[in-house]
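Each chain, written out:
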Amino acid sequence: MSGHVSPKTVSYTIFASLMVLTGITVAVAFINLGPLNFPVALSIAIVKATLVILFFMHVKYSSRLTKLVVATGFFFLLILFTLTMTDYLSRGWLTYPVGAGAPPAATQAH
Amino acid sequence: MSDSASAEASAGRHHAALQHQFDTMEQQQESATLGMWVFLVTEVMFFGGLFMAYLLYRVWYPAAWADGSRELDILLGGVNTVVLIGSSLTMALAVRAAQTGFPRATVNWLLATMALGGVFLVIKVFEYAHKVELNHVPGPNFVFEGPHARQVEIFLSLYFAMTGLHALHMVIGFGLLSVIAWMAYKRKFSPEWYAPVEMSGLYWHFVDIVWIFLFPLLYLVDRAH
Numbered sequence: 001m002s003g004h005v006s007p008k009t010v011s012y013t014i015f016a017s018l019m020v021l022t023g024i025t026v027a028v029a030f031i032n033l034g035p036l037n038f039p040v041a042l043s044i045a046i047v048k049a050t051l052v053i054l055f056f057m058h059v060k061y062s063s064r065l066t067k068l069v070v071a072t073g074f075f076f077l078l079i080l081f082t083l084t085m086t087d088y089l090s091r092g093w094l095t096y097p098v099g100a101g102a103p104p105a106a107t108q109a110h
Numbered sequence: 001m002s003d004s005a006s007a008e009a010s011a012g013r014h015h016a017a018l019q020h021q022f023d024t025m026e027q028q029q030e031s032a033t034l035g036m037w038v039f040l041v042t043e044v045m046f047f048g049g050l051f052m053a054y055l056l057y058r059v060w061y062p063a064a065w066a067d068g069s070r071e072l073d074i075l076l077g078g079v080n081t082v083v084l085i086g087s088s089l090t091m092a093l094a095v096r097a098a099q100t101g102f103p104r105a106t107v108n109w110l111l112a113t114m115a116l117g118g119v120f121l122v123i124k125v126f127e128y129a130h131k132v133e134l135n136h137v138p139g140p141n142f143v144f145e146g147p148h149a150r151q152v153e154i155f156l157s158l159y160f161a162m163t164g165l166h167a168l169h170m171v172i173g174f175g176l177l178s179v180i181a182w183m184a185y186k187r188k189f190s191p192e193w194y195a196p197v198e199m200s201g202l203y204w205h206f207v208d209i210v211w212i213f214l215f216p217l218l219y220l221v222d223r224a225h
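Chain order of the listed sequences is A and B.
Counted the way this note's numbering counts, the first sequence spans residues 1 to 110.
Counted the way this note's numbering counts, the second sequence spans residues 1 to 225.
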């Protein structure tokens, strides 16, 4: 059948890599990187997820159509995050002309 | 008689598991994989809404996020990460055993996957019980010492919503694997047809991926500062 059979060594190598990355993410959490702690933790998680998707879930060996569907899913997730954050984070940037009344409550909440 | 036999042979292997709408087993397998991924994409968006809420509140209340995160046990969360990634390994080996035609090994690897999934859930129950004991469950009985109590309550609400939804997926996966293990035990699968094993595997790995994000986002916030 068409399904890709991964050699056992690939599975063990991916497992070992995931374990090492888990160790790194815990260790890095205790090192003060300032504002970089969050992006670093997120990047390691993305690398781990990518390894699982490509090798454990066989997407590396799947058809181009399957690859496209997988990529589309994460692309839309990115749209969800990006558009929502550009909205919320830019709300405080608005300036209100004198006499226009108080800004809406949402901009004062925090 | 011999004519019909050769006609059947020239039509290719006609496996009992080949549904009439597909031409070949390859096409059937491809459709199953694609369909499963379409489902998993809806799951990505399903969890994505919670991750979105997490991200926004984290940007708004960084101090409360740090306070809330310190209430979580890194050791238990870390052990569960290792357990769950280990279960992904045993799941991958179960799929491989089914592909290569080793039903006994398939059953054993599936049972190992379920056992690890069970360990994860038991640890989760202990974590939840501890939170109940400390009155750290959001709601009327919520108690938290500190300047950001209300905002820590939001963090813990998201903690319970996200890990709870994840745990629900684990329970569903556990049920799914028990059916698949039974089918493997009954020798239902062969190197020609093992789609249910592979599709359950995709689901199980997806649940693992969700935890790969939950662990650093919930347990490892701002530990260094």
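Keep in mind the hints are simulated off the structure, nothing from the lab.
Treat the hints with care, as some may be off.
Unchecked claim - Result set (DSS-like, lysine-lysine): computed pairs, CA atoms no more than 27 Å apart in a straight line:
| hint | chain 1 | residue 1 | chain 2 | residue 2 |
| --- | --- | --- | --- | --- |
| 1 | A | Lys8 | A | Lys67 |
| 2 | A | Lys60 | A | Lys8 |
| 3 | A | Lys8 | B | Lys124 |
| 4 | B | Lys186 | A | Lys8 |
Being a predicted model, the structure only gives us computed values, none of them experimental.
Right, here's what the structure says about each hint:
no., hint, in the structure
1, A/Lys8 to A/Lys67, "holds, 23 Å"
2, A/Lys60 to A/Lys8, "holds, 16 Å"
3, A/Lys8 to B/Lys124, "violated, 30 Å"
4, B/Lys186 to A/Lys8, "holds, 25 Å"
Comparing the model with each numbered hint stated earlier shows that hint 3 is the single one that does not hold.
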